[in-house]
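Participant: Residue numbers (the working numbering), protein chains in the order written: chain U, 1 to 181; chain V, 1001 to 1267.
For the record, the hints were derived by calculation from the structure and aren't laboratory data.
Fair warning: this is a prediction, and the values are worked out from it, not measured in the lab.
Do not rely on the hints blindly, as some may be mistaken.
Claimed, not checked - One side only, chain V facing chain U, incomplete, derived with CB under 10 Å:
1. Pro1024
2. Arg1029
3. Gln1219
4. Val1222
5. Gly1239
6. Glu1254
Stated by the list, open to error - Per label pair, the in silico range of CB-to-CB distance:
7. V:Glu1255 to U:Pro80: 25 to 33 Å
8. U:Val38 to V:Lys1172: 48 to 56 Å
9. U:Arg100 to V:Asn1220: 25 to 33 Å
10. U:Gly170 to V:Gly1039: 43 to 51 Å
11. V:Leu1051 to U:Pro80: 45 to 53 Å
12. U:Asp71 to V:Ser1167: 48 to 56 Å
13. U:Gly10 to V:Arg1090: 46 to 54 Å
14. V:Arg1245 to U:Gly36: 18 to 26 Å
15. U:Leu164 to V:Tyr1012: 40 to 48 Å
16. V:Glu1174 to U:Gly170: 54 to 62 Å
17. U:Thr163 to V:Arg1233: 53 to 61 Å
18. V:Arg1267 to U:Gly36: 33 to 41 Å
What the hints assert, rightly or not - Partner residues are not named here, just some residues of chain U that face chain V (Cβ under 7 Å, in silico):
19. Asp48
20. Ala51
21. Pro61
C-beta: ideal position from N, C-alpha, C; glycine also.
Chain residues, written in single-letter form:
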Amino acid sequence: MRTILRALPGDLDAALVVAQHRGSDAHPSAFRTLLGAVTRLKVCDGDDKQAIDRGYVYLAPPDYHLLVEGDHLALSVEEPVAFSRPSIDVLLESAAEAYRERCVGVVLTGANDDGARGLARIRELGGATIVEDPARAERPEMPRAAVAAVPDARVAQLDEIATLLVELCGTTTARESGAAS
Amino acid sequence: MIELQLLLEGVYRRYGFDFREYAPASLKRRVWRRVHQEGLESISGLLERLLHDPACMERLLLDLSINVTAMFRDPTFYVAFREKVVPLLRTYPFTRVWVAGCSTGEEVFSLAILLSEEELLDRTRIYATDINAVVVDRAREGVFPLDKMREYTENYIRAGGKRSFSSYYLAKYEGALFDRTLAENVVWAQHNLVQDRAFQEFNVILCRNVMIYFDRPLQNRVHRLFHDSLERRGILCLGHKESIRFTEFEHSYEELDAQQKLYRRVR
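Please model the entire structure based on the sequences and the hints provided.
Facilitator: Structure representation (C-alpha cells):
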C-alpha cells in the first residue's frame, strides 16, 4: 500500500478507498499515520456519509464494513463476511455498483479469498481490474483467488500499480478507484 | 434500483414497515441475501413472496434489523462514559436512559453492568427499544453465546470493568445467562425510530451504529426525535464513526467527548 501511495501524484484525478484486514483493536490512527507519511494524497478514515472527493484516500475503519454509495461513503456493522470486517468484497461490490465503468479495482497481498467476488463484480459492470502478481506477493492467496475469479485482470508487480492507476485515472478526467489489500 | 424501490414500497404498503429512507448500499446487500436464502432469483421474486407470506416478512425484518453487536463494543466508549457521563448522572436523584436500537441487548447489559459498578443502577431506568419485537424478546432473555465470553471479557477489562466479568453470568448449555438483577430496571419495548414519536423525556440517549443505515434526511428526522426526547442538558451518545456535524442539529449540542461521540444538548 505504501509503495503504491508513495508513487501516486497528488493531483491524481480519482479517490482511493481502501479496505485492509486489521484487528478490531487496531490502533485507530496508526495505519492512517503510516500511510499519510508517504503520500501527497490526503489520507483519512472513512466516516458515515462522508463525501468522496478526488485526491483523498479513505480507509475502512477497523470493525466496520465500508461501502461506496453514490457520491459518499457508508458504514455498516453487519456480520463479518468471510471472517472479515471490513470486508473487501463488500467494498468492491458497492464501488462497482456506484461507479460501474469508472471504477478501478485493485487486489493486493492477503491471506484469504476476500476481494475475488468484488473484483469479479467490478469486471462485470465494466470497470478495470488490477491484481498484484501472486508470485511476488507477500501472501499469494488473495491475489491468486482474484485472478481465478477474473482471469483477464491485469496482473502487475507492486511497483507498476501506481503507474497503471495514473494511466487509467489520469490527472484530469474524473475516475474513481478502489484499492484493497 | 427500481426493483429495490418497488420492494420497499410494497413492504411499506402491505406491512407498514418503512425502509424507504434506509441507506441503499447496505440495504441492497441484505435484501439480496434474503433473496438467495429464499432460493429466489430476483428482488421482484422476493416482493411477490413477501406480499403473500407474512412469515417471509418476519425473516426479512430480522435481516434488516439485526445489527451485529457485542458486549462492551468499543471499550474506549465505556471508559469515556464512566469518566464524563457518570459524574453528571450522579447529580440527579433519578435518571432515564434510552438505548435506541438495542438489537439483541448486548449494549443494554453492558451499560447496566457499568451503572451497577458505579452504584447508579438502582436509580436509573433503562428504556431499551428496537424496531423488531422478536429481537427485543431475545434481548429480554439476557442470554448470550458462551463462546463470545472470552472476547467480551477482554472488552470488559479494557472498558475499565471493576469486577470479574464471569461474576455477572452463569454458564448454561451453550449460553451465558446474565444476572437478572441487571435488567430489573430495564423496560423492553418495540419502537420504530422511523415512524414512532417521542414517548418520554430522557437524560441520556444511546444510539450507536443505528443511524448509519439511514439516509441523510431520515437521520435528520431521527435527530429531531432525539432532540425532542432529551432534557435540556441531556447526553446523546453516537457510534465512533457517526457525528452530529453536518446534521441540522449540529448547533444544538456541545461536544462532551469529540472522539467518543458524546454530545450534550445545549439548546
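Participant: Please go over all the hints and tell whether each is borne out by the structure.
Facilitator: Results of checking the hints against the structure:
1. Pro1024: Where the cut-off is 10 Å and the nearest Cβ of chain U is about 6 Å from Pro1024 of chain V, the hint holds.
2. Arg1029: holds (7 Å)
3. Gln1219: holds (8 Å)
4. Val1222: The hint is violated - Val1222 of chain V has no Cβ within 10 Å of chain U, the shortest such distance being about 13 Å.
5. Gly1239: holds (8 Å)
6. Glu1254: violated (20 Å)
7. V:Glu1255 to U:Pro80: 25 to 33 Å: holds (31 Å)
8. U:Val38 to V:Lys1172: 48 to 56 Å: The hinted range 48 to 56 Å holds for Val38 of chain U and Lys1172 of chain V, with Cβ atoms some 52 Å apart.
9. U:Arg100 to V:Asn1220: 25 to 33 Å: holds (29 Å)
10. U:Gly170 to V:Gly1039: 43 to 51 Å: The hint (43 to 51 Å, Cβ to Cβ) holds, given that Gly170 of chain U and Gly1039 of chain V are roughly 45 Å apart.
11. V:Leu1051 to U:Pro80: 45 to 53 Å: Distance hint for Leu1051 of chain V, Pro80 of chain U is violated at roughly 32 Å.
12. U:Asp71 to V:Ser1167: 48 to 56 Å: holds (50 Å)
13. U:Gly10 to V:Arg1090: 46 to 54 Å: Taking Cβ atoms as reference, Gly10 of chain U and Arg1090 of chain V lie about 51 Å apart, which means the hint holds.
14. V:Arg1245 to U:Gly36: 18 to 26 Å: At roughly 21 Å between Cβ atoms, Gly36 of chain U and Arg1245 of chain V fall inside 18 to 26 Å, so the hint holds.
15. U:Leu164 to V:Tyr1012: 40 to 48 Å: holds (46 Å)
16. V:Glu1174 to U:Gly170: 54 to 62 Å: Check passed, 56 Å falls within 54 to 62 Å.
17. U:Thr163 to V:Arg1233: 53 to 61 Å: holds (57 Å)
18. V:Arg1267 to U:Gly36: 33 to 41 Å: Holds - the Cβ-Cβ distance for Arg1267 of chain V and Gly36 of chain U, about 36 Å, lies within 33 to 41 Å.
19. Asp48: Asp48 of chain U check passes; min Cβ-Cβ to chain V is 5 Å, inside 7 Å.
20. Ala51: violated (9 Å)
21. Pro61: holds (6 Å)
Consistency note: the structure conflicts with the earlier hints numbered 4, 6, 11 and 20.
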